[in-house]
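Colleague: Given chain A, put chain B in place with the hints provided.
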Amino acid sequence: MHREMEALETAAADTDDFLVWVLVLSELAAFGILIAAFLLAAVRDPESFALARLHLSPGLATANTLLLLTSGWQAAMAARRHATVRQQRRALVFAALLGFVFTIIKLVEFNSEMRFAASASFNAFFELYFIITGFHVIHVVFGAMVLLLVAWRPGNSNIALITALWHMIDLIWIVMFPIIYLV
Amino acid sequence: MVTNTSARLVKAWSLLVALATANALLVGLAPGFVPPFYLSSIVIVLSLLKARIVILDFLGLRAGPALLRWTLLAWPMLLAAATIAKIAFLHVHAGG
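Chains as they are written, first to last, in the working numbering: chain A, 1 to 183; chain B, 1 to 96.
Chain A with its partners taken away, still in its complex shape (with noise of 0.2 Å):
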């Protein structure tokens, strides 16, 4: 274990950003456990999970999953080594307002379901299903505030490290999508 750990250091080291490896891998661990949790509970009530599915919108997080995609390719773009200023600067900014539009769809769909959140049989669903998806849009706004900060002032070590943080939002999301919305 600690030789393995050595390795990562080591591994993380060579590409000058440790500290953003381990901001990442931090992260996914915390979403981790609220995933596993949130599984944890649909075995305990599968009945009630089902039901309470029934009322979220799989279509509008089909158009997210879209959106976040599209942003993500849209920072991959900036972070290119031989991308110039101005590709940087507008890829940048693409994403981040891609993000802004995943967060007012998140938020239109949490404003419909809210309703169905008080239920007392769907308690336990909606709990974790809105601290989870809530946890993330908050990512997306912070991550999408931070694009456009980056975008405004651009440099190379600060477009990696934000375009790591938000592959790692954008991989969050593809990961919850199904396990929350269909299965």
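There's no promise every hint is true.
To be verified - On the chain A side, residues computed to face chain B include the following (Cβ under 10 Å):
no. : residue
1   : A29
2   : I35
3   : A75
4   : A124
5   : V175
Unchecked claim - Some chain B residues close to chain A (C-beta under 8 Å, calculated; not the full set):
no. : residue
6   : S6
7   : L73
8   : W75
9   : T83
Derived by calculation from the structure, the hints in this document are not laboratory data.
None of these values were measured; they are calculated from a predicted model.
The beta-carbon is built from N, C-alpha and C at its ideal position, and this holds for glycine as well.
Modeller: Chain B alone, transformed into the frame defined by chain A:
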């Protein structure tokens, strides 16, 4: 900075959109034809493929440090395994 080319990123994004669309079509059209256990498993595998593309192409870890790449790839794989275990448990429990 990542050594990805614009063409590679466009290809990765196109694949991601294709997988997300396939996912939506499956969930919308297949429930009458595909048993829920298999449908859920396919949906999880599709999300795993999307996660893999984000890690390898968007994060640029295809050519990155192997340990970092596998550590990141392990996260969706663990959650996918846990989800499939949950689906299988409920399937067996329901007498399916």
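Colleague: Now tell me if each hint is right for this structure.
Modeller: Okay, the hints, checked on the actual structure:
A least Cβ separation of about 8 Å between A/A29 and chain B falls short of the 10 Å threshold, and the interface hint therefore holds. Below 10 Å, beta-carbon pairs count as interface contacts, and A/I35 has one with chain B at about 6 Å; its hint therefore holds. With a cut of 10 Å, the hint placing A/A75 at the interface with chain B holds, because the nearest CB-to-CB distance is about 7 Å. Of the supplied interface hints, the one on A/A124 is violated, with its beta-carbon coming no nearer than about 15 Å to a beta-carbon of chain B, more than 10 Å.
Checking A/V175 against chain B by beta carbon gives a least distance of about 5 Å; that is within 10 Å, so the hint holds. Among the interface hints, the one on B/S6 holds; its C-beta lies about 7 Å from the nearest C-beta in chain A, closer than the 8 Å criterion. With a cut of 8 Å, the hint placing B/L73 at the interface with chain A is violated, because the nearest CB-to-CB distance is about 10 Å. Because the beta carbon of B/W75 sits about 5 Å from the nearest beta carbon in chain A, less than 8 Å, this interface hint is met.
Checking B/T83 against chain A: minimum C-beta separation of about 5 Å stays under 8 Å; hint holds.
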